[in-house]
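Let the hints inform the model, and build the full structure from the sequences given.
Protein chains: 2
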Amino acid sequence: MCIFCKIIKKEIAAAIIYEDDLLLAFEDAHPIAPIHILIIPKKHIVSIDDLEEKDTELMGKMILRAKKIAGSFDISEKGYKLLFRVGKWGGQEVPHIHLHLIGGAELTEDIHPIK
Amino acid sequence: MCIFCKIIKKEIAAAIIYEDDLLLAFEDAHPIAPIHILIIPKKHIVSIDDLEEKDTELMGKMILRAKKIAGSFDISEKGYKLLFRVGKWGGQEVPHIHLHLIGGAELTEDIHPIK
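Residue numbers (this note's numbering), protein chains in the order written: chain C, 1 to 115; chain G, 1 to 115.
Be a bit skeptical, because a hint or two may be false.
Chain copies aren't distinguished; within one or between two, either way the pair holds.
[Claimed, not checked] Result set (DSS-like, lysine-lysine): computed pairs, CA atoms no more than 30 Å apart in a straight line:
id : residue 1 : residue 2
1  : Lys10     : Lys68
2  : Lys78     : Lys54
3  : Lys43     : Lys68
4  : Lys6      : Lys78
5  : Lys10     : Lys42
6  : Lys61     : Lys6
7  : Lys43     : Lys54
8  : Lys42     : Lys54
9  : Lys54     : Lys68
10 : Lys10     : Lys88
11 : Lys42     : Lys68
12 : Lys61     : Lys88
13 : Lys9      : Lys88
14 : Lys9      : Lys43
15 : Lys61     : Lys9
Rather than coming from a laboratory, the hints here were simulated on the basis of the structure.
This is the structure in structure tokens:
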């Protein structure tokens with residue numbers, strides 16, 4: 001079972017921000033910004049590349065939930081980033097879809113090839 | 001009218017990758033990776049922070065479309081990033097929701113506060 005499925009089942013502890021029947025959100029254990037939250041579907045889907053048409057609404061709900069969580073952390077007005085890492089070249093580390101909500105500071109990033 | 005609405009209306013040229021009734025995808029004019037495509041809703045929505053519940057399916061369709069476009073560029077297996085910049089601190093430059101599809105190389109990024 002993947003580590004995020006274990007978090008969903010409460011077999012591994014996490015700082016949970018939000019939970020409903022379809023989604024779970026919790027603090028990233030290795031934050032790269034003052035606010036760094038992961039929003040995941042409870043359904044185990046390995047990556048964006050594994051999505052099917054029937055997952056369309058679920059993905060929309062993830063985006064809308066991220067917006068609401070940003071509001072709850074009072075960063076809506078300042079702004080933030082929402083990031084899906086997909087596969088090896090995208091830097092995905094856990095094989096379960098997760099949306100990074102990154103904010104709490106004015107952020108810059110340099111995205112560049114390493115190979 | 002915002003620059004992306006002008007691209008939708010074909011008043012400004014862009015290298016269009018995909019178009020349907022709801023979405024448009026085109027090459028970013030200032031790419032930061034070998035493949036850098038923007039997927040936008042034809043509906044003018046300023047930012048993720050302006051989304052309403054009725055936009056849920058539209059956002060899901062954007063994510064599914066990004067996955068399909070990645071496949072059409074043969075980067076599904078290697079991987080890529082999907083990024084929404086939201087507001088000033090997220091680095092959003094055009095006030096019309098756009099999803100960055102960034103790939104074509106193994107990518108690293110450093111995201112850090114600048115203020």
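To see whether the hints hold, each was checked on the structure:
no.: 1; hint: Lys10 / Lys68; in the structure: within (23 Å within a copy, 34 Å between copies)
no.: 2; hint: Lys78 / Lys54; in the structure: between (34 Å within a copy, 24 Å between copies)
no.: 3; hint: Lys43 / Lys68; in the structure: both (21 Å within a copy, 21 Å between copies)
no.: 4; hint: Lys6 / Lys78; in the structure: between (33 Å within a copy, 27 Å between copies)
no.: 5; hint: Lys10 / Lys42; in the structure: within (12 Å within a copy, 41 Å between copies)
no.: 6; hint: Lys61 / Lys6; in the structure: both (22 Å within a copy, 29 Å between copies)
no.: 7; hint: Lys43 / Lys54; in the structure: both (12 Å within a copy, 23 Å between copies)
no.: 8; hint: Lys42 / Lys54; in the structure: both (15 Å within a copy, 22 Å between copies)
no.: 9; hint: Lys54 / Lys68; in the structure: both (23 Å within a copy, 14 Å between copies)
no.: 10; hint: Lys10 / Lys88; in the structure: within (27 Å within a copy, 36 Å between copies)
no.: 11; hint: Lys42 / Lys68; in the structure: both (18 Å within a copy, 23 Å between copies)
no.: 12; hint: Lys61 / Lys88; in the structure: both (25 Å within a copy, 24 Å between copies)
no.: 13; hint: Lys9 / Lys88; in the structure: within (26 Å within a copy, 37 Å between copies)
no.: 14; hint: Lys9 / Lys43; in the structure: within (12 Å within a copy, 39 Å between copies)
no.: 15; hint: Lys61 / Lys9; in the structure: both (21 Å within a copy, 29 Å between copies)
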